[in-house]
Each structure stands twice: as structure tokens, then as C-alpha cells.
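Colleague: These protein sequence lines are chains Z and X, in that order. The working numbering numbers the first residue of the first sequence as 907 and each following residue consecutively. The working numbering numbers the first residue of the second sequence as 150 and each following residue consecutively.
Just so you know, the hints here were simulated from the structure itself, not pulled from any lab data. Do not rely on the hints blindly, as some may be mistaken.
Claimed, not checked - Straight-line alpha carbon distances no greater than 27 Å define the calculated DSSO-like cross-link-like pairs of lysine-lysine that follow: (1) Z/Lys-1028 <-> X/Lys-337; (2) X/Lys-321 <-> Z/Lys-973; (3) X/Lys-656 <-> X/Lys-698.
As the list claims (entries may be wrong) - Partner residues aside, some chain Z positions facing chain X, computed with beta carbon under 7 Å: (4) Glu-954; (5) Leu-1123; (6) Pro-1222; (7) Gly-1223; (8) Leu-1227; (9) Ser-1229.
Unchecked claim - Output of the computed footprint for chain X on chain Z, the stretches with three or more beta carbons under 8 Å from beta carbons of chain X: (10) 962 to 974; (11) 985 to 996; (12) 1007 to 1013; (13) 1180 to 1188; (14) 1202 to 1213.
Every residue, glycine too, gets a C-beta built ideally from N, C-alpha and C.
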Amino acid sequence: MIAPVHHVIGLTSIVRERILPIAGNILVRQGQKVNATDVIAEAKRPYEHVLLDVARLLRISPASAEKLIRCKVGERLAAGTEIAKGKGLLASPIKVPRDGTVAAVGGGQVLLEVGVAKVEVKAGVPGTVIEVLPGRGAVIQTAGSLVQGVWGNDKIEVGVLVNLMSAPDDILTEAKMDVSLRGSILLGGMVNDKDVLRAAAELPARGLIIPSLAAALLPLAREMKYPIVVTDGIGAFPMNSAAYRLLSTNAKREIVINAEAYDRYTGAKPEVIIPLPISSEPPPAPDAQTLAAGLQVRLLRPPAMGALGFIEKILPGLTTLPSGLSAPAAEVKLENDEMIIAPLVNLEVVG
Amino acid sequence: MPASLVDGNSLLAVDVGSATTRAVLFDVVEGQYRFIASGVAPSTAEAPFKDVSEGAKNAIENLQTVIGKSLLDSGRGLITPTQPNGSGVDALVVTLSAGATLKTVIVGLLKDVSLESAYRLTSSTYTRIVDTLALNDTRKPEQKIDSLLRQQPDLVVITGGTDGGASRSIHKMLEAIGLASFLMPEEKRPAILFAGNQKMEADVKSLLGSLSASVHVSPNVRPSLETEDLDPAERELAHIFIEIRKRQLKGVDLLNLWSGGHILPTAYASGRMVRFLAKMNSASKGILSVDLGASAASIAATFKNTSRLGVFPQYGLGENLSSLLKYTTLDEILRWSWMDISKDALNDYLHQKALYPAAIAATKEDLAISQAVARQALYLAAQAARKNFPSDISQMRPNLLPPFDPIIAGGGALSDASRPGSSLLLLLDALQPVGISTVILDPNNLLPLLGSAASRNNLLPVQVIESGAFISAGTVVAPVTTAAPNTPILRATLTYENGSEAKVELKFGGLETLPLPSGEVGKLSIQLLKGADLGYGPGRAPKEGVAVKGGALGVVFDGRGRPLNLPADSARRRELIKKWHWALGGE
């Protein structure tokens, strides 16, 4: 069975396509070096629209109104600009109520775009633009350590990593946070208290990397202005040992925390990147691998949810699990040497 | 060209679900079509694969391993037709439910008339209504336009106006849709289905034709105020769903090509099969099919002259699980659990499971949570479906499902063949069927595939069903009554084919079984007490007895009352649920 790979890897080539949701301007060129928080593409869309029904306002037919309308699609109009005037001595002029751009004219109506909402796409990774996608975005490549997460609150930052964990199953408490941590990205333990998220905001921290977050805190976590990456899951379980080792040994380094929300269809995942100097480009990590003996995997459901282990062997046929369900399964040796049997669909390759 | 029916065409059927893709082979054995085997693989609509055909090929490869012959060539292309060396198949059909729920805007005039029909129509496939435009909408036209631009719907379903009736108000709404669509990037424009006043067909095409991904017109769902006709529009909507998926999901095109266009939404194919069965059986009661999968909970029901299909992605056990609490509470889910589970643990489960929809319960504790969630999701789906049932059907109580026979259950949570008692209890709890019903489990999820296969070969579904590819869980006898706990409400004698007898006394609050193996029939003589009603009237039962079919659990007597009232005391409730599990063969 082929399974997706959850990347926790010491050195790899990281290639990310960064795309605008609507067509816009690309602000970078091929070969350009970018920082993770650099805006690489932007687009503008109207904040809202105003529809002026000239025909109705002048109490004439749409066809007649059409002949009286004096603006064109794309024209910028200042508030108060007259766009049509009825016939007769006392006919009142039709003026646009706000500054805007004419989006459509037809059927005796004028649709005006009013206000501008800017859409920006940040690089997300520090690296080199290897391809520009005209009107859409760019592809950026870098090399470094990569730790993917399972949940993010859609913010991005760069900062120095400070380790507040002494073990993968630490719980992050408010008491562990003091003013010396201001402006840092914190590697903390499991979070099950809303005051912890608030305390990090008050510092303010520049980011928070945690193994797990209680489901009840998800709405508050989304509101936080600093990025939060959850590495392992929703609930209360420790950080997987591979991520813990990698992150805790990189304390005091400048890292990128891109808490991009997980999108199962595009493959976007929250991630932590530790840029590293390289002499030659390391190979990219595969996104999917066939489950086989020797592979490092993570357990996605109990027992040992979140734990890492190695596949000892893939069992033939179907295996009846303690739950009573039958499924293709594997023997997995956990890091504590415990051997468990897990259904293949509950395994995710880590590497 | 495929061989003729007389020669016997082999048929491969592939179901692409959100979590799992299944390939099933049907072929002729001893002159009759049979279900041969199935192969299963994880679905690949999502990253990193982003190509549904990969999962289909993987499932077909797994099927090849089981049957020992090649269906794919060395380039992983489908071998068709069957080759002289036995490799390949003659035809392929596909059902599809994978992909994000379609964001849908419904448009109509009156809330209780055309909008109600639009709602029922969109409920027949995998949609989520993101906005509603109606006559009583007080928003300015530009506010409607801005809302449409924000929502970026995949689909707009327009109903309204009786045939030949007023059209001005609908015209106004078409303008807002047209303008919004005009302002969207071309690749993001919605598909349009118009199923309203047929006089407006030309207007719709001229106003929206060049401004949408595609415009489809079907007969009016409300040709007159009193008449509703959803079937043609449902058929068109099924077609549109596949068209949208072709744009959204890589690989659908390839499967469409391989199958020669024989590709249907999974729920629609199930609905078609249920209608087919109803015609075949000329049943006096309706037929009910329920499918609880990762994409959605789907409920198809037939009645005397009509049918209903309800697809509820919000109650699916996949990525939408994290939003289930918009429709229910943690307490309502936990009432079904036989284990003491904290609200926080359940909340965590819903979000964590939504991250990994394909993962299954490996431990008893995890199974207890997943089954509690499945019960509540199916319960909610059944309640939502019931509201869309025709108003003129006979019901024993207004808040209960009408009597159905048979009830067919598919989907991972319901059709585990190794534990039919567990599946049956889940169905009894969530659906709370009334009267006498045979319950059939579909462990290989064949129902939609047969519905899809019927379009290529209408002999195949009949023969496969008759071949015993489904598993009978048994016959359920569920009287409607209220009585004091442990009061006898029913006495029954089951007479077996060999003339022997077995008796049972059912007390209020209890679950009893009488063995009757699969494939056997028996005659059940029933005496109803305390005004209990099995659909023949309070206290009444046919004097000549009732013919019942056997199954894994035999004949199951559910005396727990309808609607099922669980004890408020959680410890007592959990004990009771455990007892019910034991009664149906659980540990």
C-alpha cells in the first residue's frame, strides 16, 4: 500500500509552489533570493460593488437608459461623477455615490467596483525563485531541515527558536513563559489551557510550535496573531521523537514557522523550516512511499497514537484487530521496543 | 466490441470514495452473473497523489492479485475487452463520491414551494448550500453579487415559477447571478442548473450561457404549485456533478474515458438501484438504503409512487467530522457510548479523525467512540431525510421513519460482515425502524456499483442480488408502543421449515432474538400486548402469521420503544447499551 509521507527530515531540498487565488502581479523574478515573509505576488480585488439601476432611477426602459449612460467599463470615477441624466428640464442627474471603477454596463445598469482588498502571497520559504508562474505566483526552492505539522493557524513568521521543552511529553504552562522570550519562536509542550495561548500573545511570541492542542482551543488558536504549528495532532499527546530531536537541537537558530492551514487537496501543510547552508543540492524527499519493512512510520490512531516506530513486517491477508475489525496490517516496533499490530491505513511514513 | 450478453460480459465496477477506492469484478459463472471479488486501495483524490485514477488502478491491481488474472496492461492501462488469454474485462462502470462538497447556491421564489424543491434537489448529491436567493431576500442586488463573489459557488441551482407563470422576479435574480459570474475568473465560474419555469429557458441560456462553466436545463421541478417532479432534475444534477468533478479532480477524465461515460455519483447510483429493486419486488412497503461513508451519509428510499434520495455530507465520517458539532452536541453523541468517554476526548477525536479520515479503530475504546459518532451521524441523516419524505405516506408516528422492508446498509461503519450484530444494533439505534423489516448488509458496497452497472447491463444487478452477494443480518420486529419497563409487549412463535417451533416473550426495553439461519424462512405468529403496533394497527397482527427471512442474527425483536428513549443516568445507560450489545452477539 502506498502511504503519504509526513516530512520530518534533517536536510532536504524544499520546493514550494506559491499561488494567488486570483490573477495578479508577480513581484519576483526567476533566480531572485527571497525571505519567507517576502510578498512574492499580489492581487487586488474590489472590496464591494454598487449597482446603479439607471433605468429604474430615471423611470425609463433599460434600452432607453442604455443610451443615456456615459461611462465605460474600466473607467475610474470619483464620487459625485455624473454617469447619466434623464431628458427634460427637471431631470435629475445620476451620480456615483462613491469613488470606484466601472465593472459592467448593461441592461440600463452600471456596476461599480468600490474599495480595494489586497490579496498577498508570501514566499513561505526562504530561498530562490526557480520559476515564475505568470499572473499566478512562483516556485521557490530552498534547502534545510523540514518539520511538517498537522494544524496551523494560517500565519507566517521568521525568528529565533527557543526551546521550552525538556521532553516530548512536556505540557506548556503559562509559568514557563517570561518576558525574556519576547520576539522568539517557542518550542513548547502540549497545550490544553487557553491562558497559555494568551500568555504567548502578551509576550508577544513570534510563533509557537507544539505537539498537540486541545480541540476546544482551536477557535482561540485561530485568532492568535502569531503563527501556531501543531506537529502531531488535536488532543493531548507528545511530540513525535523525530520532530522533537530535530527542533530541540536547533534551538537558537533562526527558523521559519509557516503555519499554513492544512489543505488535503492542494497538499499545503503547516511546516517549520530551518534553512541550512549547502554545498550541493540535497535530494527532495518523496511525498509518498509504499509501506514496507524497515520504514519509519507514525501511528495515526490508538494504540500508541502519535508514536513513531519501524515496520517489522507487513502481515499477509487481513488481520483481526483488538477492536474486532479486520484490515491489512503490519507489525510495528515502537521506539520503546514494544511491538504492536496496526492497520496499514493507520500508518503514515515519516521521513 | 464486447461480447453479447448471451456470451456473458465481464464487468469491472470501480467506486472512488473519499477515503477508499474499491474495484469489484462481476462475471458469468454457470450462466449467471456473480460477484467475483473486490480489491481495495486508499483513494488518491487528495495530495500528494491528486489523481483519482491512481487509487482506481491500485484497487484494480489488488483485485488482480485476488483473482489471479491481469486487468491492467504493463502501462497500467485497462485491458478491454476480455482477451483470448483471459486477461482484461469487457466493460467498466464507475461511481464517484470523492472530492470536496460542492458549494451550491439555490435560487427560487417562495420558501415553501420552489426553494423547498431546490433544497430537496440539491440534497440528492454532494452539495453544501452556501447562499439562497429568494423573493423575500431583502438584500440589495449588489449585496447578492458580493455574496456570490465571496462564496465562489461551484453550482447554482435555479428553480421557481410554475410553467408559463410569472418570470420577472426570477429574471431579476438571474441578472445578479450573471453579473457575479461575469466578475469571476472564467475558471471559477459556477455550473448552472435551471429547473424552473420552462418559459424562461431561452432567457437563462442567453443571460448565463456565456457567463458560466456550463448551463443545464431540466424540466421544472415545480410545474405547478401542487406538483413536484424531481427525477429529471436529479438525473441532470448527477451529470453536472461528474462534469464539475472532471474539472476539479485529475483522473476523473480517464475513468470516464475507460468507462465510456458510465460514471455516476455514488449516492445517485444507490438511489437508482433502490428504485430498481422496488420495481423488481413490487414491495408493499418502501425500500430504504443507507450508506454511511467518509464523504457523506446517504439515504435512498422508495415509496409507492415515488422515491427520495438524501445526501448529507455534513454527516459524513471523513473530513467534515470536525464540523459535526454544528449540528449536534457532544452529549448527544456520548449518549450512544457504552464506555465512559469525556467530552474533551470526544471533541479531540472528531478533529483528529477529520485529519485522517481513512484511519480505522484498532482498539475497543476507539471503536466505542467511532460507533457513537456513527450512530449520531446516521440518526441525524435519517431525521433530515425523513423531513423530505412525501407527506402522503403512511406513518405509524409522525416523528418516526415509515415502515421499510428491506433496509439495506452499506459504508464502512455499517457493513462490517464479521460483526453483523454490531452493525445491526447501530442501525436499530440510529434509524429506529418500525414494524417488520429485513436488514441486509452490503459489506462490499455493491449497491451503488450495481446501480451504475444497470446502465450497461440490466440483467447483472438482478442476478448478482439473487446470488447472495449481500448478507442478511436478519428480520427485525420492532413494535411501536410505550409501557412500563419489563412489561410484556409481544409474544411470538417462530415455526421453522421443518415444523419445529421457538417461542419468545418480548418485554418493553428488551432485545430478544430467535435463531433463523440465512437462506431459511419461517412463519412468525405474533400476539401483541399493551397496544403494541407493528403497522397492522394497535394490538393487531395477521392471523395467518408473517413470513420472515433468516439471517446472521435470525429474527430480532426490538422492544426498546419508538422513539428510543435512553436513560438519563449515564451509568445506567452504559450498562443497558452493553446488554443490548450482548443480546446481539457482542462481547
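Colleague: Which of the numbered hints are not met once you compare them with the structure shown?
Modeller: 5, 6, 7, 10, 11 and 13
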